[in-house]
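Given only the sequences and the hints, what does the whole structure look like? Please build it.
Protein chains in written order, with our numbering: chain C, 1 to 229; chain H, 1 to 476.
Treat the hints as calculated values from the structure; they're not laboratory data.
Source: prediction; values computed, not measured.
Incorrect hints may have been included.
Claimed, not checked - Stretches of chain H that chain C covers, calculated by requiring three or more beta carbons in the stretch to come under 8 Å of a beta carbon on chain C:
id	stretch
1	36 to 49
2	77 to 85
3	128 to 141
Virtual Cβ for every residue (Gly too), placed ideally from N, Cα, C.
In case you want the letters, here they are:
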Amino acid sequence: MTYTEDSRNKIMNTIRSSLGVSGDEAERITRTSIRLDQHKPNLIPERARKTQLENIALFRNMMESQSATVVELKGMDDVPGAVAGYLRDNNLAAEIRMGSDPILTELTWSAALALETKIGKAVPQDSAALSRAFGAAAETGTLFLLSGVDNPTTLNFLPETHIVVLRKVDIAGSYEEVWEQLREVQGQRTMPRTVNLISGPSRTADIEQTIIMGAHGPRRMCILLVGTT
Amino acid sequence: MEPTSHAFKDNVRKALNDDQLQRALGNVKTGFIDKRAKARAALPEFDQLRDQARDIKDHSLAHLDLYLEEYERKVTYSGGHVHWAATAAEAREIILDLCTRAGAKTVTKGKSMVAEEIALNDHLEAQGIEVVETDLGEYLIQIRGETPSHIIAPAVHLNKEQIEQDFRKTHTDLPEDRSLDRPEQLVNEARTVLRDKFIAADVGITGANLLIAETGSSVIVTNEGNGDLTQILPRVHIVIATIEKIVPTREDAMTILRVLARSATGQEFTTYTTFSTGPKRPDDPDGPEEYHVVILDNGRSEMLGTEFREVLRCIRCGACMNHCPVYHAIGGHAYGWVYPGPIGAVLTPSLIGVEKAGHLPNASTFCGRCEAVCPMRIPLPKLMRKLREREFEKAASPWQQRAGIKIWAFFAKRPRLYRRSTNILIAILARFGRRRGTFRYLPFAGGWTKYRELPAPQGRTFHQLWREQRNERVHK
Numbered sequence: 001m002t003y004t005e006d007s008r009n010k011i012m013n014t015i016r017s018s019l020g021v022s023g024d025e026a027e028r029i030t031r032t033s034i035r036l037d038q039h040k041p042n043l044i045p046e047r048a049r050k051t052q053l054e055n056i057a058l059f060r061n062m063m064e065s066q067s068a069t070v071v072e073l074k075g076m077d078d079v080p081g082a083v084a085g086y087l088r089d090n091n092l093a094a095e096i097r098m099g100s101d102p103i104l105t106e107l108t109w110s111a112a113l114a115l116e117t118k119i120g121k122a123v124p125q126d127s128a129a130l131s132r133a134f135g136a137a138a139e140t141g142t143l144f145l146l147s148g149v150d151n152p153t154t155l156n157f158l159p160e161t162h163i164v165v166l167r168k169v170d171i172a173g174s175y176e177e178v179w180e181q182l183r184e185v186q187g188q189r190t191m192p193r194t195v196n197l198i199s200g201p202s203r204t205a206d207i208e209q210t211i212i213m214g215a216h217g218p219r220r221m222c223i224l225l226v227g228t229t
Numbered sequence: 001m002e003p004t005s006h007a008f009k010d011n012v013r014k015a016l017n018d019d020q021l022q023r024a025l026g027n028v029k030t031g032f033i034d035k036r037a038k039a040r041a042a043l044p045e046f047d048q049l050r051d052q053a054r055d056i057k058d059h060s061l062a063h064l065d066l067y068l069e070e071y072e073r074k075v076t077y078s079g080g081h082v083h084w085a086a087t088a089a090e091a092r093e094i095i096l097d098l099c100t101r102a103g104a105k106t107v108t109k110g111k112s113m114v115a116e117e118i119a120l121n122d123h124l125e126a127q128g129i130e131v132v133e134t135d136l137g138e139y140l141i142q143i144r145g146e147t148p149s150h151i152i153a154p155a156v157h158l159n160k161e162q163i164e165q166d167f168r169k170t171h172t173d174l175p176e177d178r179s180l181d182r183p184e185q186l187v188n189e190a191r192t193v194l195r196d197k198f199i200a201a202d203v204g205i206t207g208a209n210l211l212i213a214e215t216g217s218s219v220i221v222t223n224e225g226n227g228d229l230t231q232i233l234p235r236v237h238i239v240i241a242t243i244e245k246i247v248p249t250r251e252d253a254m255t256i257l258r259v260l261a262r263s264a265t266g267q268e269f270t271t272y273t274t275f276s277t278g279p280k281r282p283d284d285p286d287g288p289e290e291y292h293v294v295i296l297d298n299g300r301s302e303m304l305g306t307e308f309r310e311v312l313r314c315i316r317c318g319a320c321m322n323h324c325p326v327y328h329a330i331g332g333h334a335y336g337w338v339y340p341g342p343i344g345a346v347l348t349p350s351l352i353g354v355e356k357a358g359h360l361p362n363a364s365t366f367c368g369r370c371e372a373v374c375p376m377r378i379p380l381p382k383l384m385r386k387l388r389e390r391e392f393e394k395a396a397s398p399w400q401q402r403a404g405i406k407i408w409a410f411f412a413k414r415p416r417l418y419r420r421s422t423n424i425l426i427a428i429l430a431r432f433g434r435r436r437g438t439f440r441y442l443p444f445a446g447g448w449t450k451y452r453e454l455p456a457p458q459g460r461t462f463h464q465l466w467r468e469q470r471n472e473r474v475h476k
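Written out as structure tokens, the structure is:
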């Protein structure tokens, strides 16, 4: 860019003169770097500080109140059958798109008769997609989905039906716990290209404030909650 | 857009006589207020979270230079590009240049108030680029050639019959006899039409609700998922954001997000909250190949050094306008620029000048509801009062008003004279108004009595009544 460097200096200089600082004050620099390194949580609401059993119940309640369907399954082996069943019950085509997440691809899909599985990112023709959530925050029934070859982001938005596998052990109370889990897996101060926090299917209230489902993203969402408690 | 805030009084008159608008505004008065109240009641810590959200933004603003530098470092590290724009014109040029270099024919857009502020669409369209708004509300006003009338519900001034007419006029390739009287049908039609645009787009432009210094991420919230289709399908993703969107960490972002949706739509959380960091990674099967962030100042760095710094805490939730009796009466367009309602009454004169928008801070009853509901605890009435002072100092207000205030001030500074003259005035008014009880017309107050009647005083002033009551008590 021609003027972006000049503009950068101009903006920085004005900010510093407005704040009455030079930018070199050691105390300010220390304060900000400590804040970034420690990334301390602020107030966590009480509802997000419960037992695992309560977290699961709250997550389920919240998700259902946000118009998603929640189905509890004992184990991962039940997933293919549950996917086929959900599609059938909703009169949808018996096909599902998913990424390369081994937790999903290594399931015995042949057990779900007549269900066609496709691997890779979503294309506009896909009618339904299956993803695995990295985690979830019970406090508002919010899934965390990470971009990448395992669970491409297009799966979350292009098809009309989105089915998400979530292991009960991956449900946390608060959002902050999920960020902490992500830091453990991927490291400090780094993020996947896209992290989607999703709380139900797509909706709009832009016409006379009436809520209509399926604005641009999925019209329906089903959470397969896997594990014993 | 060219501001019409200077013509505020004419705008108001038009709005009050617009039946369609008045019907649509009925939805604002009840819906938003009830939903926010319910969401607040469901989270006992809500007000504490507001205090913390305010403190986070105050801290971020006090260290704005350092966090912006850190943010830029992290965006660059993740493979993205940061572009700095001091003015609206610079931001438009940078974005046009990026679109041209991408060979863009079609650009999809997520909802962005900053893009409205810099009038981006007109600029790109003038160069032959097709710009498509994808948020349903924004799409509706785009095909009508209007501007948003609300920060989060841009088409809140429309009724569904108007939308049906617009769709029939615009989507001419669809069968004429199709049924469009239910909102579902309108949403479906928009979904189908816009789906093709999402897929065809070469560049996707979104705003940002927050920028995170810790990771170099930009955050958007939507309920429709349009922002996500806008940014994951095209080859290039451009984010347009202003300097004050920065917060230090993801933890800080979550505290603000906890109060954002609840204050705005009354939802526990918005359906989609998306964190984007750089372009797609080597193994990613989808996502944009280029990620650009245009950081706009447009007067904010100077505001930072003034008594209006607190405005920069605003997270654009719209709660202030949802609860504003003036907004309820006139809607958003009357404010004449991008930001309506109480926040607009403070932001607009600060951004485009008191000379052009001096009327806006006068459009307040100072009832204080805006400040009471603001999740970032921005003292909006106090700031409006400061703008009124500024307008007065700059002699931007009409001479009659200035003369009136000066006369009043003369008496107000002399309490004994004030009391004596009000005693006389009130006694006279009481005598003349005794028969009807109200005045339909009063000399020098024609502007006021044109729309309402003035109740006639009962004959004694408050001071007199107070003294009498005290005396009675003493004698009892």
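Now the hints, each set against the structure:
Counting residues of the stretch 36 to 49 of chain H whose C-beta sits closer than 8 Å to any C-beta of chain C gives 5, which meets the bar of three, so the coverage hint holds. Remark: the stretch 77 to 85 of chain H is confirmed as covered by chain C, as 4 of its residues place a Cβ nearer than 8 Å to a Cβ of that chain, reaching the required three. For the stretch 128 to 141 of chain H, the stated coverage by chain C holds: 5 residues have a C-beta nearer than 8 Å to a C-beta of that chain, and at least 3 were required.
Of the numbered hints stated above, none is contradicted by the structure.
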